[in-house]
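Visitor: Turn these sequences into a full structure, and let the hints steer you where they fit.
Sequences listed follow chains A and B, in order. Just so it is clear: in the first sequence, position 129 is 128 by numbering that gives the first Met the number 0, and no numbers are missing. Just so it is clear: in the second sequence, position 187 is 186 by numbering that gives the first Met the number 0, and no numbers are missing.
Each hint should be verified, as a subset may be incorrect.
Note: identical chains are not told apart, hence a pair may lie in one copy or across any two.
Claimed, not checked - SDA-like cross-link-like pairs, simulated, lysine to any residue; straight-line CA separation at most 25 Å:
hint: 1; residue 1: K14; residue 2: I79
hint: 2; residue 1: K14; residue 2: A112
hint: 3; residue 1: K14; residue 2: Q204
hint: 4; residue 1: K14; residue 2: Q46
Simulated from the structure, these hints should not be mistaken for lab results.
Chain residues, written in single-letter form:
Protein chains: 2
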Amino acid sequence: MPENPAPASARVAVKRLPARGFYDRPTIDAILDEALVCHVGFNVDSQPFVIPTIFGRHGDQVFFHGSQASRMLRAVRGGIPMCLTATLLDGLVLARSAFHHSINYRSVVILGAAAEIVEPEAKVAALKVISDHVIPGRWDEVRPPNKQELAATSVLALPIAEASAKVRTGPPKDDEEDYALPVWAGELPIEPETQPPIPDARLPQSIGVPGYIANYRRPR
Amino acid sequence: MPENPAPASARVAVKRLPARGFYDRPTIDAILDEALVCHVGFNVDSQPFVIPTIFGRHGDQVFFHGSQASRMLRAVRGGIPMCLTATLLDGLVLARSAFHHSINYRSVVILGAAAEIVEPEAKVAALKVISDHVIPGRWDEVRPPNKQELAATSVLALPIAEASAKVRTGPPKDDEEDYALPVWAGELPIEPETQPPIPDARLPQSIGVPGYIANYRRPR
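Guide: Shown next as structure tokens:
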């Protein structure tokens, strides 16, 4: 277990159940790297929006992308305050009382402002980071973005500077007097699992499923 | 396929790829009912926060809960603008070009303000809705919340009035000239699957795994 440093700010500190809060980069990075999608929060006219999107981490930055025309991209590329949250659901926690039921999960919250990546080579590199995050190995096989596609895409970088992880693991914690109740208690783990790949209808039969799809797994 | 009504407001309308936007309640409700967690977005001092939480739907309302002391609950029970987003990840979509890669997903965005449920009987009923959403059948077997637990819990109701669903399904859509590229294309479905339940260490061996855990499935 890595040492748990102090939070970067009061506002990013885990308030409820602070023992579940972690601020070390190995814990934060492992959650970001395993999560496939994140949820980005931002304001338009003081109304919060929360939108799911794919992303990728490279060093101290998280990249995400979208159409130049998307509301999310137009809002956050101005450098307004935003929040990026990645959540891994690990299972249900069944206690003897309704109150002590819980969820095993690992989540990361990053607060900050995103900067747009405009230089074309840096933009392509960031898109490769996102692609490698979702499907390692895929980028090198497919047609890379052309000029028009690149121009139509906004790529944003959010620094991992003000971030926290929150983690719950393990069995239920019941009140002592409830352990005698005749009710099943424990954990029901849940994991995302791939199903058999579905080839595109126009794919020639000679093109087999690549190894990175046949053996697809999130890093853990 | 149910008819697709107009969005309740301009701000909740799906802007990017509007053909993926749905505003009918059967589509919205089915996504809400299948999702185990949602992400709640709210502002504290103009900084957006996005926090994962469990929830449950009853009719035209979504209930969620937390500690009276939680930042999320303290912020949103004042009736400030919030956003609740539920996302189901259905799989990866592999195109012949990097640009046309996508994700199959179903998501719901609800904008509005939450009201706190204070009347104890209504509060217990809403907690049962959340419990039934996560594990149908569980509530009736466990010790119900006592006075102190109920007082320590905030329960909020968000109306499903300004809501939209966004859905992507099916194969990749490539540029016509890219179909000739010798690269695998198609879908990789991903589904959350339960793993064998883990009994609590203090559970008597005489108490077997209940059917609602042995046969646990999200509604679909």
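Visitor: Taking the hints in turn, state whether each one holds.
Guide: Against the structure, the hints:
{"no.": "1", "hint": "K14 / I79", "verdict": "both (24 Å within a copy, 20 Å between copies)"}
{"no.": "2", "hint": "K14 / A112", "verdict": "both (22 Å within a copy, 23 Å between copies)"}
{"no.": "3", "hint": "K14 / Q204", "verdict": "neither (55 Å within a copy, 37 Å between copies)"}
{"no.": "4", "hint": "K14 / Q46", "verdict": "both (24 Å within a copy, 16 Å between copies)"}
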